[in-house]
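Participant: Make one complex out of these two single chains by using the hints.
Chains A and B are the protein sequences, given in the same order. Note that my numbering gives residue 59 to position 59 of the first sequence, counting from 1, and the numbers run on in steps of one. Note that my numbering gives residue 246 to position 246 of the second sequence, counting from 1, and the numbers run on in steps of one.
Think of the hints as simulated: they come from the structure by calculation, not from any bench. Treat the hints with care, as some may be off.
Below, computed lysine to any residue pairings styled on SDA-like, alpha-carbon distance capped at 20 Å [to be verified]:
| hint | chain 1 | residue 1 | chain 2 | residue 2 |
| --- | --- | --- | --- | --- |
| 1 | B | K49 | A | V33 |
| 2 | B | K49 | A | N74 |
| 3 | B | K308 | B | M1 |
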Amino acid sequence: MTFAVTSASEAVQVPRFAGELHHRVHEALAEIVGKRWVETDPAVLDTHAWQYIAEAVTGSHYMPRPVAIVLPANTAEVAAIVRLCNRLGIQYKAVSTAFGMWNAPARADQVVQIDLRRLDRIIRIDRDNMYAVIEPYVTGNQLQTEAMKVGLNTHIAGCGAQCSSLASATSMMGQGMDGVSMGFSNRNLLGFEWVTPDGEIVQVGSFDVAGDDFLGDGPGFSIRGIIRGFAGALGGLGVFTRAAVKLYPWYGPPAFEQNGVSPYYHLRIPDHHTAAVLLVNDWRGMAELGRRIGEAGIADHLTRNAPSLMAGAVTADNNEAVEVYRIPMLHEMYYNLIIVMTALHDDEARWRRKVLRKILSDLRGGMLSNDLSLGGTTALLGFVRTVARRIGWGGLLKSMPSFLKLMMRDAERFGWGAVPDGLPSMMYQAVVRAGMNMRGVFRFAGTFWTAMGSLVSWDNAIRGARVGAQVKAKYIRKGAIVDDGGDNAWGGLYEAGAYAHLEELCMYDQTDPACKEAVTEYVIETNLACIENHCGDSLNAVGPTAHVLFSPVCMDYDKFTARIKAEFDPNNSAEASFYTDPNFVPPEGAQARMAAVLADRAPVSVDNDHIPQEEVETRRATTRS
Amino acid sequence: MLSNNFQSLEDLRFVAEKCPRCSLCKFPPLTRVEHGGFAGICPSYEEFKFHAASGSGLLIMAMSILDGRSEPNETVRRFAFGCTACGGCDVACKYNTDIEIQETILQLRAHLFRTIGPLPAHRAVLDAIEKKGHPLTEAGESAGGWMSDLGFRDGQPGAEYLLWLGPHYRFQKETRRVLGRILALLHRGGVSFTALSDEPYTGRAALEIGDRDLFRRCSEHTSAALRASRARAVVCLSAEDYATLRALTPRFAPIEKPVLHIVEIYDELVRRRKLTPRARVRATAVWHDSSYLGRLSEPYAPWTGQRKKVEGQIAVYDPPRPVRSGAEGCYEPPRRVLQTLPGLEMREFHRRKEYAFDSGETGQAAAANPDFALSTARRRVAEAREVGADTIVTECPQSAYWLSRASGATGPAIKITTLTDLLAESVNGGVS
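Same shape as in the complex, but just chain B (with noise of 0.2 Å):
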């Protein structure tokens, strides 16, 4: 029987190796490229140009490790940890086949952790998990007081949603300025909310970073604490926490809760007028897909079966096997609520929704090259500035930290912001 809960390199060679090296990883879906000099999906191919940096390129790494033809070793670790792992080249190759890139690229990396270890950087952070209960290892302040000041009450009995902070928002100053408007925009619209003092972290640094085993323990307090709640659904804050909830966790321990994004509830509030932008927005802005936010986000369609073939040799799968074409991610929300923003003029960049590209945020690329997450962040600014936009917009704050770092580096700077302060301003008449 075969399953969409790949346990191994192994698991995954019944698609890896139809990989023919075609290099559509490389690129959006052709038929929706706009523009040539903004024509790859790869930030790691696009900085570091090796075959190898691409996803197929990965894929053969780790084909050629499993079937002992090479070692795993500190080039093949630079290169599968030189990649952002945002899923953009898995999307690029499923438009076309069923093959599991993304998939790939994760089992490669547990199996660098296993043979190899991690990078340092990268050991650091799983310390950091380890020790401290959340990925950010410069951020030591534990979560308490602020709490009550914002208005919350820990487990607040009949709230209709658990606000999932996630590490960003609880432990750096200057994500919690949003925080306090979020909570803000939430009390104006009358949602009742709670959140948890001892909010667990989801883990996903550690799945990307390869310990799988730390992931899974991450995944069990999550689910736990979740099946505590007695809230009616979670709604998560940042956007690494919802591809997480929605797409890696359900693998390990159960997730029964509906989880939603905070630009999911802004979208409700604002079409049922609970929420209403009045003052004019002066922006050129374009809405930035983060990849957490977009595709990563597809929910886990689980499915065990087998592969059989007909008319000969076509291989199709019994029952049919989902895959996760990117389709699913948070798309739409955003896009709504900014065009009710008066005065706001939205542009879209040339690479969007599912086939967005990454701000280098993603995949503890940034952990272990900062260098590499900001030249690709300075990507997506040109790119920005190349559809006339003045404003990026983001709900995640790991996208607004690396495009407001890359923002100014060249050319005219770009302001970046969040929805969030987009809709309290307006929302709020410009006094937020």
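Okay, chain A solo, but in the shape it has when bound (with noise of 0.2 Å):
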């Protein structure tokens, strides 16, 4: 079971107003940095206790309060900071961009925030080794902004761009749209600045030493692998003050050209560069698709979105967006991926479309891009077919007058030249800039939680997503969380289809009581899905009382952590309950909520080689329901 557990009924009380506390907290956290960078007032310390899923831990938008928020300057502060909580015995917590629950303490009136914003600096780009150095407030979309006009690019987390380069790479998962060609968070990190929990200063990896190297792990253990691991610590091993990132060769112009007004850009992609929505027949065909274009090393991003991420996707409001997700065509583009390619030329911007269109051709699939050449043309021919396999000649026909009504909508906005490649310059200004997360997952209902989503094989993830979506066509059917057709898989391949990790997105009001119950239950169904299926540890492997259940089935990883907590942080001075948590105490109510799920829930098994038509139609079904 993971933090979910607490139901609203044991939602943390607002905190009474540690008047003292907060006083003398806020005098020496003020003698450190300064009057101007401290706060102690209710309001703004609910700036930092109000988060996203706070209703899964506390049943309302707030977690508990920090006891003062600080914003030191420089590493030498953070240090300061650190060995002021050591000696006054209270907990501290940093944050930079600080999106998602795991950033707020859990306990109200014990923990210093350290909120990272002034360390802001992009201190320097690389151009020759590759390798940006940041401090923890440049943001995904900063660094690239930047690192595009010397001709590199970097790994952006599926979180969005507005996020943390540096969080990502040295506390959090971090998997994004890009991974196919670099990776995801944890491959990413080079060298760090480390204030750790007891506040020694200590460089690691590209710091050390040599000070210009680029490489992550020297002779010895790794380092890097003790403070992050897979998920990272979420903020419970310390601070990290600078990091060194890896970038990647940009085959693009320093900028790109656009037009149009907000909600609507018009980003013409560009020369050499290919957008598509590729989509085949069924799960065996994505599976292949994936691989093989893993293999043929052609892909700069490839992502896979469910139809309704889609429609949220090219839409500017939920109106909007469900009258495009209720056209046949779009409703039933399950078995995609969105791939971006770059090229540095011609040459080899037409081997890359053959490529893939040959991959296409094979599993009889097609796509919709911005290749307009003849064998663009056929494969986009190739396209229409796979739907009309779907959904019928006469489903096709149903659609094109809605499909029309998109383009003229397009052409009314930015001219007919703009409508060719109208829907694949979305998805490339979606995945290349991952700036239109938010437009599905939170827009439709409120908020999103999401499951399964280990690094694993291709085909394991495929099975994830399966299982995922058969735990949640229950809860669709309830009316409890949006009907997105129970799949609702993203993520993707990474390194060339090395690994790959797709998590179930279940979408959902977070100010409705049922609704939120219902997510809980669906997040321990799926854990326990999860766990049967042998898809890894999922995204919500997070904090002691997930750890309880994924760790026995995943190499006791918890006793390793809590090794390295204790040996790292003596005083338990990092927060960490989203990490491993020395004082951890099972929720009231865990177990019969445990009970209950397990009394109401019939075990999924899948297996990628016999899908039964069942599930297929199921999925249609429930999406008509």
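Facilitator: As structure tokens, then:
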């Protein structure tokens, strides 16, 4: 089970305002950073307590309040704050862009929130050695914008380009849509400056000895592995104040040509770049498609987005999104991958496109792309035929008026010249710039939660997606979550397909108690199904309650992380409730909740080699109910 | 029933509580970011750094008060009014969602006004509105003889346009210099216009400070004055009035005439060759989309309706709810005029049009904290330097004021001028 086991009735109460403690801490912090950079006002503290999916823990928008928020200016001040907390016997938790409830304290009035907002510099972009040195508040978007000017690009995590690159690299998971060419955050951390839990400043990797090198690990054990492992310590193991992250070649212009006004922008896809929605006929086809694209090494971005997410991405509001989602042609585009291929010159672009078309042709699929060549047009016909196989030619005809309306809409906004690559351009923006993630997952119902999503083989990821979809169908039928057809697996392949991840998104209204309750159960069920179907350790393997479930089936990892924590942080001064918490007490009611879920579930089992027809039919029926 | 005419914080709860604290409100729509050093959209977050200073932070504090978790106090007021209310966060957020951050900020201010009162500097502004009929605390001169000196005839029958001068043109001598040029251009273009010697103040400062009752009264006076005029349309000289009459006044009192800005008249006159720029203008210029002329001028879109859930839990509106994304601000007319000026080389800010960075003048932040306004204007000037401009052009008197103060503060001086000045210089062959 996960951290979601606390129900609304067990919610953490609004903490009493601990005036004396606040005052004492405030004074001590102000001595380090100056009065201007410390706040202890309850309303201001709530701006850090209010977090995405806080309702999963507390039943409300708010996590427990920190005792103070402090904004240090440099590493020395961070270290002084950490030492102060050790001395006062209170905890601290550092954040940068701070998106998600794991950034907040789990207990009220015990934790100083160190907001690293003032450390916001790109210190260096080393073009020759392809890495950047950044501070915590540099966003993926800022780093990408500057890197592209010198022919480089950076990995951006799925949480969006507005989030901190350093936080993802040092302390979080960090999967993203560019994984096929740039890996995930763990793989891009080359060096870091670390204020250890007791306030020592340590430089690791690139910053060690030579200072200008770019190695992530030296001889001996991997400190990088110690400080983050798979999921990162989520702030539970000190503070990271500087990082060197790997950059990758960018075969594109230093800036993009765009027009339009918010919320509709058209980006001209650069010369020699291809953006496409690839479509095949079934899960097996999708597995083969991903595998072969990975092997061919032709993709820079490769991601799977369910039709509902695509409808969200290409529209500006929910009314419009629902209209688009209901177009039969789009609604049934389940077995898809979105690809972006960049190239240095026309010959290379042609080669990549040719390889892609061959793969699609072998799989009886097709693509909707900005490739307007004869081959591209043939692939478009393949796309149409693939859709027709699912919805029939009648369904296709029925889709045409709405589809034409979409094209007219683009023409009205950007001119007819923008129509042929309208959808590919939107996908290109969404994938390369990673700034439209909120449209589907948050705008639809208010928020979302996720499940499954471990880093596994592509086949295993697809099995996980199918498992997740089957578990979800029950909650869709209850009307507790968005009916996205069950399957809303988002993710992709990494490092040419060497590994992959697909997480099962579940969108719901966080203000509706019934929805919250149902989603909590959904997460418990998907966790159990994840284990039963050998799908790895789930993105929800966060926090001690989840570790109880996952650790025994994943090499007892929790025992190791607990030992690391004890060794590096004997005072437990870095708040680690979502990492490994020595003071963990199982929440009241957890056992009863688990028992209730167990009593009301039918275990799910799937086999990639035998996909029963009823699974397909179930989904179609679900989406039409 | 829900409505776009929000009357309280509670009215906004249905969208405000969807804030995921994702921080997108701090940046322009990400696909449009062009420079890592000019990647923020929120002046107060750039300055004060706490999340509480951002759009999301202000929204969360408003919800915290509404939920009874915290009380209105000095600290909340400091953050709420240490914000330019420029609407940048609102545009950024609405690129992806339908959350009403700008409305929430204005309602939070109204709540603070009702519960703990205004800041002393803002009290002075409100007193000026009540006693002098305008918000300029240091200006006292009454409008009068100078109007006829400039060729105005009050209430001239048959005039096509009613010029809405606004307090800055009426009561500030330095701005009245520009007014003379505006009138000369209109005369030259053959435009028939009139103005009101007793023009009421539209009241925006009152709304921004949170005194909605005073704003209502100002709106009613404004509405009555416009109704009494026989002019076909009203032309605002001030960007602030333009934004107010299009987006705010209609919520409190009807505005039945088309509302235009003077740059739109210039655009029309140049296109119809009633004004012909001839003399070369030697400048590498960048147009500053002031928040008032830009995103904040997007017209109010009245709506009442219901929220329904379809496809299980997708929230839709019946009928569809229009949201103000900033798209319908006044962006192209001034650019078209600038492009006709011989010799002028145009640049663009990295942050422009609906996602332009403010220059410190909006939201009454300057009245309470002039250092913050100056610091914000300096950031804008630095951006102008970065794009290679030697001149910033605006048609917002408050923007011009703060940018001028900031122009030589750091680095080489940047010339701050108005579109009126450049157009007059070119049309009149350098003699204006």
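Participant: Are the hints correct? Go through all of them and say.
Facilitator: How the hints compare with the structure:
1. Among the hinted pairs, B:K49 with A:V33 is consistent with the structure: their alpha-carbon atoms are about 13 Å apart, no more than 20 Å.
2. A threshold of 20 Å between alpha carbons decides the hint, and for B:K49 with A:N74 the separation of about 14 Å falls inside it, so the pair holds.
3. A threshold of 20 Å between alpha carbons decides the hint, and for B:K308 with B:M1 the separation of about 11 Å falls inside it, so the pair holds.
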